[in-house]
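*Asks:* Single-letter residue listing:
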Amino acid sequence: MSGKVFAALCIAAIVAALVTGDGAALTAGALAGAERAVTLSLSLCGMMCLWSGLLEVLREAGALDKLSGISAGLLRRIFPRAFRDPKSAGCITACICANLLGMGNAATPFALSAIRQIQSTAPDPTRAEDDAITLTVLCCCSLNLIPSTLIALRHAAGSSSPGEILIPVWIVSGCCALFGILICRLASRIGARRRTREVSHG
Amino acid sequence: MADLLSAWTLPGCLLLLSLLFLFSRKDLGGAFARGASQGLQTMVQVLPTLVLMLTAVGMFTASGAPAFLERLLAPVLERIGIPSALATLLAVRPFSGSASNGVLADLFAGEGPDSPAGRVASVLAGSSDTVFYVAALYCSAGGIRRSRHLLPVACLVMLFTVVMTAFVCSLWFRYAG
Chain S
1 MSGKVFAALC IAAIVAALVT GDGAALTAGA LAGAERAVTL SLSLCGMMCL
51 WSGLLEVLRE AGALDKLSGI SAGLLRRIFP RAFRDPKSAG CITACICANL
101 LGMGNAATPF ALSAIRQIQS TAPDPTRAED DAITLTVLCC CSLNLIPSTL
151 IALRHAAGSS SPGEILIPVW IVSGCCALFG ILICRLASRI GARRRTREVS
201 HG
Chain B
1001 MADLLSAWTL PGCLLLLSLL FLFSRKDLGG AFARGASQGL QTMVQVLPTL
1051 VLMLTAVGMF TASGAPAFLE RLLAPVLERI GIPSALATLL AVRPFSGSAS
1101 NGVLADLFAG EGPDSPAGRV ASVLAGSSDT VFYVAALYCS AGGIRRSRHL
1151 LPVACLVMLF TVVMTAFVCS LWFRYAG
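If you're matching them up, the sequences are chains S and B in order. Using our numbering, the first residue of the first sequence is number 1, and each one after it goes up by one. Using our numbering, the first residue of the second sequence is number 1001, and each one after it goes up by one.
Because the hints were derived from the structure by calculation, they are not lab data. Predicted model only: the values in this text are computed from it and were never measured. Hints may contain errors.
To be verified - No more than 20 Å apart at the CA atoms, straight line, and that leaves these computed lysine to any residue pairs for SDA-like: (1) S:Lys4 <-> B:Leu1019; (2) S:Lys4 <-> B:Lys1026; (3) S:Lys4 <-> S:Gly21; (4) S:Lys4 <-> S:Leu50; (5) S:Lys66 <-> B:Leu1019; (6) S:Lys87 <-> B:Ala1033; (7) B:Lys1026 <-> S:Ala34.
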């Protein structure tokens, strides 16, 4: 999948550069991007180790089960299959909490752990599980109670009230999250129906 | 108040970790090491995808492509009530967090963060994320080859976000802002 996205971006970039006639910018951009990948990985590595370690400690100490218990009622409806496995349930809960607490990039390790855990219990690990897709789509909706980067940018630009956009952001994010969950449900139900039809015909 | 919470989340978690280390009878040091090495393994799995994606995104943002996308999007945006100044942000947002932060900062510098365009841009930036980067990253971490309906749904949600932003902003900033 990332191959297709890469191809699309590359071809679009090359076509655009051919039109503007600026190949040097393309090269510079590609090299800068590759370099950024390494610096990003290094910082992500540190966070990854720290938060994955914390997650495992929380799980071992039983704190994750307690946390899952609190929000399980709601999350179990959203991730029905994944919540049957306590490990996945714990990871997903931690991921959602981390996102809501506005940890931003620091929430990525939790999300990655959750996806890994969901896929590891799947019958076919190379095929995305419904719940893994739902979680990814939710993360794309930027579920933040406090979008700190945004507020910081507004404050730096001299906004008279950086936080005035908070409530609209909550409303929009909430609606989009709900929409995302519903569409994911719909898509997996259509897919399941198509599969049973193939099985009964074939 | 909001800044306080974000500033203290990380120290709070580390405090929790310290308390658990001090007061739990289980081998939490071993648990931490296990978790951390698993995190490292995930990073190793993810690095190639990261290089691929960020190289492509770097090329994309450095070429004239976002400008073309912007020209394509501007008329559509006018129709649904989003200031055309946001076209670049929209073109870049699904691909790169840092690029979109840069575009947002430019927009604030140009139009002002409290202008109608600045507010709509803020709400848009706060409710969306870098769809393609996140999807690629998560799939590679999970070892997923067939992502099924992930990308189409994510793009659909992105579209919904844009429409919802226009709708909510037009109501909110007229009556409450």
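*Asks:* If a hint holds in the structure, say so; if it doesn't, say that too.
*Replies:* Structure-based check of each hint:
Straight-line distance between C-alpha atoms of Lys4 (chain S) and Leu1019 (chain B) comes to about 46 Å, which puts the hinted pair past the 20 Å bound. Among the hinted pairs, Lys4 (chain S) with Lys1026 (chain B) is inconsistent with the structure: their alpha-carbon atoms are about 46 Å apart, more than 20 Å. Straight-line distance between C-alpha atoms of Lys4 (chain S) and Gly21 (chain S) comes to about 25 Å, which puts the hinted pair past the 20 Å bound. Taking the CA atoms of Lys4 (chain S) and Leu50 (chain S), the gap is about 32 Å. The hint is violated against a cut of 20 Å.
Distance check on the hinted pair: Lys66 (chain S) and Leu1019 (chain B) sit about 17 Å apart at the alpha-carbon level, within 20 Å; holds. Between Lys87 (chain S) and Ala1033 (chain B) the alpha-carbon distance is near 18 Å, which keeps this suggested pair within the 20 Å criterion. With a CA separation close to 42 Å, the supplied pair Lys1026 (chain B) and Ala34 (chain S) exceeds the 20 Å bound.
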